[in-house]
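The task is simple: from the sequences and hints, build the whole structure.
Here are the chains, one letter per residue:
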Amino acid sequence: MEAINILQGVAVPLKRSNVDTDQIIPAVYLKRVTKTGFDDALFAGWRNDPEFVLNQPAFQNPRILVAGPDFGTGSSREHAVWALRDFGFQVVLSARFGDIFRGNSGKQGLLTGLVEEAEIERIWAAIDAQPGIEMTVDLTAKTAVIGDLTVSFEIDDYTRWRLLEGLDDIGLTLRDEAAITEFESRRESWRPRTLPVK
Amino acid sequence: MDTASARPRTLAEKVWDDHLVVKGENGNPDLIYIDLHLVHEVTSPQAFDGLRAEGRPLRRLDLTIATEDHNTPTLAIDQPIADLTSRTQIQTLRNNAKEFGVRLHSLGDLEQGIVHVVGPQLGLTMPGITVVCGDSHTSTHGAFGAMAFGIGTSEVEHVMATQTLPLKPFKTMAITVEGTLKPGVTAKDIILAVIAKIGTGGGQGYVLEYRGSAIRSLSMEGRMTICNMSIEAGARAGMVAPDQITFDYLEGRPHAPAGQDWDDAIAYWKTLPTDEGAVFDAEVFLDADELEPFVTWGTNPGQGVSLSDVVPDPAAILDPNERSAAERALEYMDLKAGTPLKEIPVDAVFMGSCTNSRIEDLRTFAEIIKGQKKAEGVRVMVVPGSARVRIEAEAEGIDKIVEEFGAEWRFAGCSMCLGMNPDQLAPGERCASTSNRNFEGRQGKGGRTHLVSPVVAAATAIRGRLSSVSDLKQPAHARYTVGV
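These protein sequences, in sequence, are chains R and Y. One point on numbering: in my numbering, the residue at position 21 of the first sequence is 21, and numbering is uninterrupted. One point on numbering: in my numbering, the residue at position 220 of the second sequence is 1220, and numbering is uninterrupted.
Take the hints with a grain of salt, since some may be wrong.
Unchecked claim - Pair by pair, the computed Cβ-Cβ distance ranges are:
id: 1; chain 1: Y; residue 1: 1277; chain 2: R; residue 2: 161; range: 55 to 61 Å
id: 2; chain 1: Y; residue 1: 1427; chain 2: R; residue 2: 108; range: 31 to 37 Å
id: 3; chain 1: Y; residue 1: 1403; chain 2: R; residue 2: 108; range: 45 to 51 Å
id: 4; chain 1: R; residue 1: 185; chain 2: Y; residue 2: 1179; range: 42 to 48 Å
id: 5; chain 1: R; residue 1: 37; chain 2: Y; residue 2: 1091; range: 15 to 21 Å
id: 6; chain 1: Y; residue 1: 1315; chain 2: R; residue 2: 37; range: 52 to 58 Å
id: 7; chain 1: Y; residue 1: 1271; chain 2: R; residue 2: 88; range: 50 to 56 Å
id: 8; chain 1: R; residue 1: 142; chain 2: Y; residue 2: 1017; range: 29 to 35 Å
Stated by the list, open to error - Non-contacting residues of chain Y with respect to chain R, defined by C-beta distances greater than 12 Å in every case (computed):
id: 9; residue: 1217
id: 10; residue: 1280
id: 11; residue: 1338
Think of the hints as simulated: they come from the structure by calculation, not from any bench. Since the structure is predicted, the reported quantities are computational estimates derived from the model, not experimental observations. Each residue gets a CB set at the ideal place from its N, CA and C atoms; glycine is no exception.
Below, the structure written as structure tokens:
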């Protein structure tokens, strides 16, 4: 995973609540067996609507999504993160995220910042005043700056550290290999096994 | 294992503590051991690719099992899968399973079916274990007193490589449901009412523990229906403390412990229920006596009301975000505020999904439709959760009842819950569905979903409009009281 710190780009307002992962990427696009190339599938149900925000000329090549509350609820599909990433998004700000979506984002280098709902409204107002305006997101300082407006966002320290360092989870866990093996040695025999014991 | 802690603990805390490989210090997550990893074709190919790229083996093949469910057709399963991308995805799972040595139940196999039906049916799901799967409805398995939750593909790869996950402890929420359900009111109505009460984000960060007399009286199938939809309230997991009903369900199943292991397991499982005096981070109460059959009117599972109610008026909703969501939902659903829900006609009824496709669900549905004919012009599809459920149902004559009713009796899979296979709604079609998500386009682009119980699905299939059994002229067979 690539280390990230300061991210800058066009901020897009997504003025809807409860944008579940089925809306981010409908199930028909989940049949692919690759991990890239999902940009065409992002918000597929809405992309044909000329009014949809990503079809507005001001919001081409966006980097930061500023969404209504409960973004990424529902299905566990990590494809939702891949689709956002493949489209070019590096940051999503919202007042609330679906837990699984947020966890998936942290593992794929997509920064998800929690911002109070009132602050989201202020960011939307700033974008409405100047569509296409860029935002600067500073992961170290946990701030997002747009025009004269500076808002703080929340992200847990562990995820932040991993994003700043670009660390791979599996590599980190395998440092505890001895502890895992020790745990396995005292696992009770009644616990489930899918294959006969060799 | 440390079960003799002095501090009173909840069920969830006990299971967590007993899977702690490394305690996280300074805000770092705990490293949690995973007892059972369920795999299916949709969220696994990129995880296997990751292992291959790093040259890593799958650490514990004996704790891993795969099945084909999301893409599988429910007709003509002996033919090659017509949709080439679906066929490729399933073939990819078969290739990966063979290469890595994963036990796989393929289409046509006796144990094939929806991953969350297969695990419990084999006796692999049991109290006090941790279960993960790249599917958010993994919460289903919490019905046994297991800690079970959905994960993304990066985490699937992580579990394959290490049999662990780094996780921050969840908060705990008690959902206490006291009282007795009225006839025709089921587990599905309980969970739809819970979600309507706490909202689709109400459970975020929590493990829900369902408690109280109404939960205790439910069968395992009913408990699975409730835990299944915990994710619809935003919670990663839902749990029910194990009891004699749990033990009776498990005993004798192919992978349930036997002999001394069974005795040891029972002794441990009996220590799991939440201790007297344990403190939950949040508590919610629901009165089962007052509960009516529930139905959703909108495009998220929290947008539900009693079936005897009317479509709500968005203008009466104070929160501006919720109001605009309701307005958008009514537009998508083509509904007008004030319309009695029972006047809404449907084009289709879907009886199936990991929420309601077990043998008890099918029995309930069959008892209500027995000897009747479906409403004219309504497409009714009945999809068993697994090949074994299908066989069991056929042995009881349920397939005949379904076919005489004029409904379609299908092969097992996720089917029209998410329409990754050909089972989809056409644009504008309206469906009463026993599944778990009424999101825009979930059952097919432009499709409109009303989430209901198997009881309401059956009554609706008979009348062609959203209906409860009390609306039927002859509510003849009445075993559908609780547990569904």
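Inset, instruction - If any of the earlier hints don't hold here, list their numbers in rising order. - result: Going through the list in order, the structure violates hints 1 and 6 and respects the others.
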